[in-house]
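**Student:** Chain by chain, the residues:
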Amino acid sequence: MALVTLTTDFGLQDGYVGTMKGVMAGIAPDLAFIDITHDIRPQDLRGAAYVLWTALPYFPGDAVHLVVVDPGVGTSRHAIASQTSWGVLVGPDNGVFSYVWDVVPAELTVALENPDYQRPVVSSTFHGRDVFSPAAAHIAAGVPLREFGPEVSHPVRMSSPGMSMEERRIRGEVLYIDRFGNVITSIGRLVWEGTLLHLDPVFAKGESRTLNARRVRVLAGGRDLGPIVRTYGEVSSGDALVMVGSEGLLEIAINQGHAARALALDLGDMVEIAVA
Amino acid sequence: MALVTLTTDFGLQDGYVGTMKGVMAGIAPDLAFIDITHDIRPQDLRGAAYVLWTALPYFPGDAVHLVVVDPGVGTSRHAIASQTSWGVLVGPDNGVFSYVWDVVPAELTVALENPDYQRPVVSSTFHGRDVFSPAAAHIAAGVPLREFGPEVSHPVRMSSPGMSMEERRIRGEVLYIDRFGNVITSIGRLVWEGTLLHLDPVFAKGESRTLNARRVRVLAGGRDLGPIVRTYGEVSSGDALVMVGSEGLLEIAINQGHAARALALDLGDMVEIAVA
Amino acid sequence: MALVTLTTDFGLQDGYVGTMKGVMAGIAPDLAFIDITHDIRPQDLRGAAYVLWTALPYFPGDAVHLVVVDPGVGTSRHAIASQTSWGVLVGPDNGVFSYVWDVVPAELTVALENPDYQRPVVSSTFHGRDVFSPAAAHIAAGVPLREFGPEVSHPVRMSSPGMSMEERRIRGEVLYIDRFGNVITSIGRLVWEGTLLHLDPVFAKGESRTLNARRVRVLAGGRDLGPIVRTYGEVSSGDALVMVGSEGLLEIAINQGHAARALALDLGDMVEIAVA
Chain A
10 MALVTLTTDF GLQDGYVGTM KGVMAGIAPD LAFIDITHDI RPQDLRGAAY
60 VLWTALPYFP GDAVHLVVVD PGVGTSRHAI ASQTSWGVLV GPDNGVFSYV
110 WDVVPAELTV ALENPDYQRP VVSSTFHGRD VFSPAAAHIA AGVPLREFGP
160 EVSHPVRMSS PGMSMEERRI RGEVLYIDRF GNVITSIGRL VWEGTLLHLD
210 PVFAKGESRT LNARRVRVLA GGRDLGPIVR TYGEVSSGDA LVMVGSEGLL
260 EIAINQGHAA RALALDLGDM VEIAVA
Chain B
10 MALVTLTTDF GLQDGYVGTM KGVMAGIAPD LAFIDITHDI RPQDLRGAAY
60 VLWTALPYFP GDAVHLVVVD PGVGTSRHAI ASQTSWGVLV GPDNGVFSYV
110 WDVVPAELTV ALENPDYQRP VVSSTFHGRD VFSPAAAHIA AGVPLREFGP
160 EVSHPVRMSS PGMSMEERRI RGEVLYIDRF GNVITSIGRL VWEGTLLHLD
210 PVFAKGESRT LNARRVRVLA GGRDLGPIVR TYGEVSSGDA LVMVGSEGLL
260 EIAINQGHAA RALALDLGDM VEIAVA
Chain C
10 MALVTLTTDF GLQDGYVGTM KGVMAGIAPD LAFIDITHDI RPQDLRGAAY
60 VLWTALPYFP GDAVHLVVVD PGVGTSRHAI ASQTSWGVLV GPDNGVFSYV
110 WDVVPAELTV ALENPDYQRP VVSSTFHGRD VFSPAAAHIA AGVPLREFGP
160 EVSHPVRMSS PGMSMEERRI RGEVLYIDRF GNVITSIGRL VWEGTLLHLD
210 PVFAKGESRT LNARRVRVLA GGRDLGPIVR TYGEVSSGDA LVMVGSEGLL
260 EIAINQGHAA RALALDLGDM VEIAVA
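Chains as they are written, first to last, in my numbering: chain A, 10 to 285; chain B, 10 to 285; chain C, 10 to 285.
So here's chain A without its partners, still in its complex pose:
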């Protein structure tokens, strides 16, 4: 049973996502579908890129990952499929796979041009149904990537999230805000080692470093948020805290609260670790 995951900004209110699965089930009846999310903010490529970067390493390496966040639908942007060690990525050529490719480089990327693997009529507004879903189903059913179209040597790339390391300062940015209001930053990957934090830069060139967790301060939105703690329980309900999130990224939270709102933090805002 081949596995196809879906990530879109379509929401679940209309029939769009179900329709895509119907198209795929018609091509390959034994597919299993897993929804990653359909609530990417409309046309938010960076949010989608982040979610893919966090979720894909946990899937079997032979999965097909269908992504439709596609502000350029109906223009001349390519549709692509890209083989990586995390599976085959299928979606628009708009950079949405950039953070994944930062970790697992594309082995082969092709343009989805072969009409044999598209719906007979391709609308100008719903390539999710007419181009990407048929491609994902055929790939999951074993059609080789070369069958779909010519190689794309330089697919569109977005810049990586900002992160810089100086002697006494590590700077990053707000990368994602989740449903709970937790503010996830580009500073990481961090791993606890007793009272120390090992930092293995994931979004920047730079050597690994070890920080004394109690002797650093985290600054964001004009506030000093204190040192890095291990669990929510170390602060009172309603207080802000900085911790290491489930991906090893520095994360700003409020115990029982919504950090992004309370601290007025938004995507792209600077976050800084000051090393004492």
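There may be inaccurate statements among the hints.
To be verified - Which stretches of chain A does chain C cover? Using the computed rule of at least three CB atoms under 8 Å from a CB of chain C, they are:
#, stretch
1, 10-17
2, 41-48
3, 63-74
4, 185-199
5, 228-242
Unchecked claim - Reference excerpt, derived from the structure (chain B facing chain C, CB under 10 Å, subset only):
#, residue
6, G20
7, A41
8, Q92
9, S132
To be clear, the hints were calculated from the coordinates, so they are not data collected in a lab.
If you're wondering where the values come from, they're calculated on a predicted model, not measured in any experiment.
We put the CB at the ideal spot given by N, CA and C, even for glycine.
Dock chains B and C against the given chain A, drawing on the hints supplied.
**Tutor:** Chains B and C alone, transformed into the frame defined by chain A:
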């Protein structure tokens, strides 16, 4: 692996949808489920009818389509199953399948009365769990429709969406508003042919016509929305446009905006093409 | 095909739920997943306990039920798996399974401590991915519970919902408010028998009773809501009514309206049946 799709107004907050799938998995362990949507507006039969009409043609013809939008639950309305070339429709006899039947007539419709294919206790409020889900699972498992109950010769029909064609005027109505605020009308099915638009009426009797896309004006909500364009890119961000949607229906959108709100358009409002 | 259900407060906006399914698909490729809900109010253990109590009896008895509503993640609370006749429950040891255990006692409950059945690195914030999902997948694949860790003799229990029966008065509380605003109380299980209601107490010790439905009054929020009716249709649109819900619990609704809001009823509020 037989396929059952689900369309309801239950939302995903409570356990209702999961419970229905549990009932079905208990009857036929190998079923595959695809959610079309559970966010039909509560008791909005026309919204459900539209979503089914758009989604069902993309599914395998042997699927079972379970629909629970059921304002009349607990009253004497029938529960029905209806064989069509788009699969078997299962749901309340309240007209929700009307737009589907407009395209693929019912070959046989039966009342779901046989208690062998219902839960042992049937509640008065949750026929989705007690009547419709068991029926859908048994049908998907191969039980013939005639086993469920007597034929229903005249299931409830809703009127089709309004559309009329005169010499220099084509009138329709707002049929659906999607999550993005796009306003989908009953005027179609439209297919681009170079600079011309071919109109093959789907919701009205009438002959096919060919329109010069640049020489028509679209009027809605007291405004002239200009000619019909091919892509969002033809207008500036924030501007209104009229295009052909993914179903071939005339659609009013705002580039990067929410057309229904900005233009104060609601379900049933008149939309008109004036032919120069 | 083994079945795993999922119940969380993660929402569907982020990639958390998809990631958990990815982990499970990597361990046991043939699993089928059914979402019960991911919209439990954040950290609402009683809401989750209620949803599980309503949904689980409708699933096959060999299902694995994965539940992640986990205010104590990162603290020393146990992770557990618990064998019952409704399937194996997997989740935090915080009482979320209490209402289920009220009906189907735990046959064996173990702590999930064996690192062979966890992700190699266990984060302090996402045990859903690192501890509970691997356990659920391995259990569904046939690993015996004893392999996971030592028995937990006294898992955390929440008190049962309040319900008391006196000669002329039956008192309960608001147990759950669903998406439609229907107010579900702890008074039940009620079954109609002609004009009589048979009450078989589910949340309280006490003998079964039979009530004349027309001779009782239901009181809630300082109002007399009248007798118990059988269907919505017995009151006008906009009027309040009291009926027997799909679980046999006394339920307060407004025909075409949102009862919780209109009657200012909240979780835990007292509801009373006065017997004439």
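**Student:** Minimum Cβ distance from S132(B) to chain C below 10 Å?
**Tutor:** holds, 4 Å
**Student:** If you take the shortest Cβ to Cβ gap from Q92(B) to chain C, is it below 10 Å?
**Tutor:** violated, 27 Å
**Student:** Mind taking a look at whether chain C covers the stretch 228-242 of chain A? Criterion is 3 or more residues with CB to CB distance under 8 Å.
**Tutor:** holds (count 4)
**Student:** Are at least 3 residues of the stretch 185-199 of chain A within less than 8 Å of chain C when you compare beta carbons?
**Tutor:** holds (count 3)
**Student:** Report holds or violated for the interface hint on A41(B), using the least CB-CB distance to chain C and a cut-off of 10 Å.
**Tutor:** Given a least distance of 8 Å, the restraint on A41(B) holds.
**Student:** Hold the hint about G20(B) up to the distance rule: shortest CB distance to chain C must be less than 10 Å.
**Tutor:** holds, 4 Å
**Student:** Using C-beta distances, would you say chain C covers the stretch 10-17 of chain A, given that this needs three or more residues below 8 Å?
**Tutor:** Coverage by chain C holds here, the residue count being 4 at a Cβ distance below 8 Å.
**Student:** State whether the coverage of the stretch 63-74 of chain A by chain C holds or is violated, taking the criterion as 3 or more residues with Cβ-Cβ distances under 8 Å.
**Tutor:** With 7 residues in contact (Cβ-Cβ under 8 Å with chain C), the coverage given for the stretch 63-74 of chain A holds.
**Student:** Mind checking, does the stretch 41-48 of chain A have 3 or more residues with a CB under 8 Å from chain C?
**Tutor:** Contact hint for the stretch 41-48 of chain A vs chain C: holds, 7 residues under 8 Å.
Violated hint: 8 only; the structure is consistent with all others.
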